[in-house]
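Novice: These protein sequence lines are chains D, E and S, in that order.
First residue of the first sequence: 1, per the working numbering; consecutive thereafter.
First residue of the second sequence: 1, per the working numbering; consecutive thereafter.
First residue of the third sequence: 1, per the working numbering; consecutive thereafter.
Hints in this document: simulated from the structure, not taken from any laboratory.
Hints are not guaranteed to be accurate.
Footprint (simulated), chain S over chain D, 3 or more residues, beta carbon under 8 Å [stated by the list, open to error]: (1) 11-19; (2) 68-78; (3) 115-126; (4) 200-206.
Pair ranges (Cβ atoms, derived) [as the list claims (entries may be wrong)]: (5) E:186 to D:186: 26 to 34 Å; (6) S:104 to D:140: 57 to 65 Å; (7) E:77 to D:104: 55 to 63 Å; (8) S:138 to E:170: 56 to 64 Å; (9) E:77 to S:117: 53 to 61 Å; (10) D:140 to S:234: 23 to 31 Å; (11) S:229 to E:158: 42 to 50 Å; (12) D:154 to E:143: 31 to 39 Å.
Ideal Cβ placement from N, Cα and C applies to all residues, glycine included.
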Amino acid sequence: MTRIITLLTDFGTADGYVGEMKGVLAANAPDCALIDIAHDVSAHDVEGGRLALARYWHRFPVGTVHLAVVDPGVGGSRAALAVESEGRFLVGPDNGILSPAMLHPGARCVSLSIPASAAPTFHGRDVFAPAAAKLAQGVSLDALGTMCTTPIVRRTSEATRRPDGGIAGTIITIDRFGNLVTNLVARHGGTIEVAGRSMPMRRTYGDVASGEIVALVGSSGLVEIAVRDGSAAATLGAARGDSVVLRVNP
Amino acid sequence: MTRIITLLTDFGTADGYVGEMKGVLAANAPDCALIDIAHDVSAHDVEGGRLALARYWHRFPVGTVHLAVVDPGVGGSRAALAVESEGRFLVGPDNGILSPAMLHPGARCVSLSIPASAAPTFHGRDVFAPAAAKLAQGVSLDALGTMCTTPIVRRTSEATRRPDGGIAGTIITIDRFGNLVTNLVARHGGTIEVAGRSMPMRRTYGDVASGEIVALVGSSGLVEIAVRDGSAAATLGAARGDSVVLRVNP
Amino acid sequence: MTRIITLLTDFGTADGYVGEMKGVLAANAPDCALIDIAHDVSAHDVEGGRLALARYWHRFPVGTVHLAVVDPGVGGSRAALAVESEGRFLVGPDNGILSPAMLHPGARCVSLSIPASAAPTFHGRDVFAPAAAKLAQGVSLDALGTMCTTPIVRRTSEATRRPDGGIAGTIITIDRFGNLVTNLVARHGGTIEVAGRSMPMRRTYGDVASGEIVALVGSSGLVEIAVRDGSAAATLGAARGDSVVLRVNP
Chain D
1 MTRIITLLTD FGTADGYVGE MKGVLAANAP DCALIDIAHD VSAHDVEGGR
51 LALARYWHRF PVGTVHLAVV DPGVGGSRAA LAVESEGRFL VGPDNGILSP
101 AMLHPGARCV SLSIPASAAP TFHGRDVFAP AAAKLAQGVS LDALGTMCTT
151 PIVRRTSEAT RRPDGGIAGT IITIDRFGNL VTNLVARHGG TIEVAGRSMP
201 MRRTYGDVAS GEIVALVGSS GLVEIAVRDG SAAATLGAAR GDSVVLRVNP
Chain E
1 MTRIITLLTD FGTADGYVGE MKGVLAANAP DCALIDIAHD VSAHDVEGGR
51 LALARYWHRF PVGTVHLAVV DPGVGGSRAA LAVESEGRFL VGPDNGILSP
101 AMLHPGARCV SLSIPASAAP TFHGRDVFAP AAAKLAQGVS LDALGTMCTT
151 PIVRRTSEAT RRPDGGIAGT IITIDRFGNL VTNLVARHGG TIEVAGRSMP
201 MRRTYGDVAS GEIVALVGSS GLVEIAVRDG SAAATLGAAR GDSVVLRVNP
Chain S
1 MTRIITLLTD FGTADGYVGE MKGVLAANAP DCALIDIAHD VSAHDVEGGR
51 LALARYWHRF PVGTVHLAVV DPGVGGSRAA LAVESEGRFL VGPDNGILSP
101 AMLHPGARCV SLSIPASAAP TFHGRDVFAP AAAKLAQGVS LDALGTMCTT
151 PIVRRTSEAT RRPDGGIAGT IITIDRFGNL VTNLVARHGG TIEVAGRSMP
201 MRRTYGDVAS GEIVALVGSS GLVEIAVRDG SAAATLGAAR GDSVVLRVNP
């Protein structure tokens, strides 16, 4: 079976940086399939990259190599990582972007050595892509670096229980449709409070009229607030980081 | 020969939704080639998706599977379709986006069953991608659902003849270059009226000076209005849906 | 080994033009791997396309075919080219976009014949993609057209030495992060003057504090001006074409 290498970056594509990475991958891992995930993650938005990665990494077949490079600390002291988790491999900077796979039970992690010839501003091309190509060619994780011993950066977004019994969460991202994605793990029933409004949990967009606000369990199992045929972000003036509260029906 | 699955959506890529679909495809149709068409169709713009699909679907080899998911009605009562037309397969919602292939003579159509486990907000991942993977693996159309019997949504954009002999059309889309694409099937010669101006049909952009307006037969056989080295949409203040008239030379 | 065809255009993807090109490639070069470089080059920005191409073309394996179509002169008198350089092939219009490969020593170039059936507004689909497919299928360069004899368009961006000993350069492009890329070939040490400011050359972003301006040797070997965790273009109000001066330490 053809080995797959996926690519997620905040590089855009017009400048040719992703093209360079793909050239390195094609030259060092011939006959692998390159699959674009996204290159339009907002510049330096590690959190956005992490949340996207959380959605797709485990859906690809065992053996897939995921490159994820949103790397504002490039050339500084941050480590460069390769991870094996659930049979998939991941490569990227030590800034939390790989957390969804790295915090999975059983995950193993190595710190990549950085060759002196690597451009200090472009580890995507000179460190991460070569490591991804090696993994795709069957080189073992252990052969790529030294086992991580120092703490690595971990990013999570967990809701907390409030004294009054509500679950306090936040809007962790807003998608292209203006849907507000929260860190509230879905419960059946209950009421959502956001931007001074309160609404019951529903099943899907069609459960309200066009233009109405609706709270539901999104496709990743998290509570989302949407506006049918519209944008909840625009309607509610909501932004990433805003508070939401889930009140479970007694 | 490697089976091809193409992808057209209005999901953007940064949120990871397309990544999830690709993971499902890669896991269920190993060794198929995934080819991106576009993910930046305007949100909920079924018409834009249909017009793009009309351009490319028949140019791919026989056996290709085209996924096309612009799906504002997801989770509601709209059907989920798989189509076989001219040896190609298409999968997407019953909102007219598949019309270019579905209205072709000899096309066959089935209504996909929607598993109870499908997220009501993401049929792209849970209904359409699995169906596309099956088709790419050689499963027959008939095995995927029940033959469509109820009317399906049909979208067309046909010009009409006016009492005065002119052909009345509309601007059906505006491309990235600001070219106005109409639904007027090309005739040799004739005059185009748009936005209060009148101009003869030409052959190509170079037939007028830089900055000048030109009407010509576009690469899909439809009349287009362009500005050489500029944007006709900006120059004429034109929008999708505006009227155009073709007057054929006597 | 699977032959690779890469694609660079200014077509965007939503209109389906790139989809048409990919259909032609898939139909005429079955089992080739299509790799997207970029489709969001600014409309008609031949220079931006050339600079991106300069970064990636030689990083792909020998035998790769690079399609590069930013083509404001389509349908006019400009030639259509296919180039062989360092074992890679390139196809695109004669407007300088292929210069990075074409000006390489030993490069060979043919002028493609343009079939009468080609749409005068879309040579990407009807001229360049078919030629790329043939090259990927092993057809020789010489079989595709006639050796170029008339001068072809050459684009370069070379800095010049000033009477006062400084090297006068320009900002040749601004990347997605707001980094100013110049045509100054890197020297160790020295001082950069840009937008009325003067700064020493550094090694990487982390050599200055967050929000500070830094000049360094970029990953393509050219001097770049960046703002750590910010945009140099916004901070300095700089634009493509602006002057920069390098003063080498005595």
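Novice: For every hint, state whether the structure bears it out.
Specialist: Hints versus structure:
1. Three residues within the 8 Å Cβ limit are the bar, and the region 11-19 of chain D against chain S gives 9, so the coverage statement holds.
2. By the rule of at least three residues with a Cβ nearer than 8 Å to a Cβ of chain S, the coverage given for the region 68-78 of chain D holds, with 6 such residues.
3. Only when three residues or more bring their CB closer than 8 Å to a CB of chain S does the claim for the region 115-126 of chain D stand; here the count is 6, and the claim holds.
4. With 0 residues carrying a beta carbon less than 8 Å from a beta carbon of chain S, the region 200-206 of chain D misses the three-residue requirement, and the given coverage is violated.
5. Taking 26 to 34 Å as the suggested C-beta distance range, the pair residue 186 (chain E) and residue 186 (chain D) does not conform, at roughly 53 Å.
6. Hint check: residue 104 (chain S) to residue 140 (chain D), Cβ distance near 38 Å, so the stated range 57 to 65 Å is violated.
7. Under the hint 55 to 63 Å, the C-beta atoms of residue 77 (chain E) and residue 104 (chain D), about 38 Å apart, miss the expected range.
8. For the pair residue 138 (chain S) and residue 170 (chain E), the supplied restraint of 56 to 64 Å is violated, since their beta-carbon distance comes to about 46 Å.
9. Checked against the hint of 53 to 61 Å, the C-beta distance between residue 77 (chain E) and residue 117 (chain S) comes to roughly 45 Å, which is inconsistent with it.
10. Distance hint for residue 140 (chain D) and residue 234 (chain S): a CB-CB separation of about 45 Å, inconsistent with the stated range 23 to 31 Å.
11. Between residue 229 (chain S) and residue 158 (chain E) the C-beta distance comes to about 54 Å, which lies outside the given range of 42 to 50 Å.
12. In this structure the hint that residue 154 (chain D) and residue 143 (chain E) lie 31 to 39 Å apart at CB is violated, the actual value being about 46 Å.
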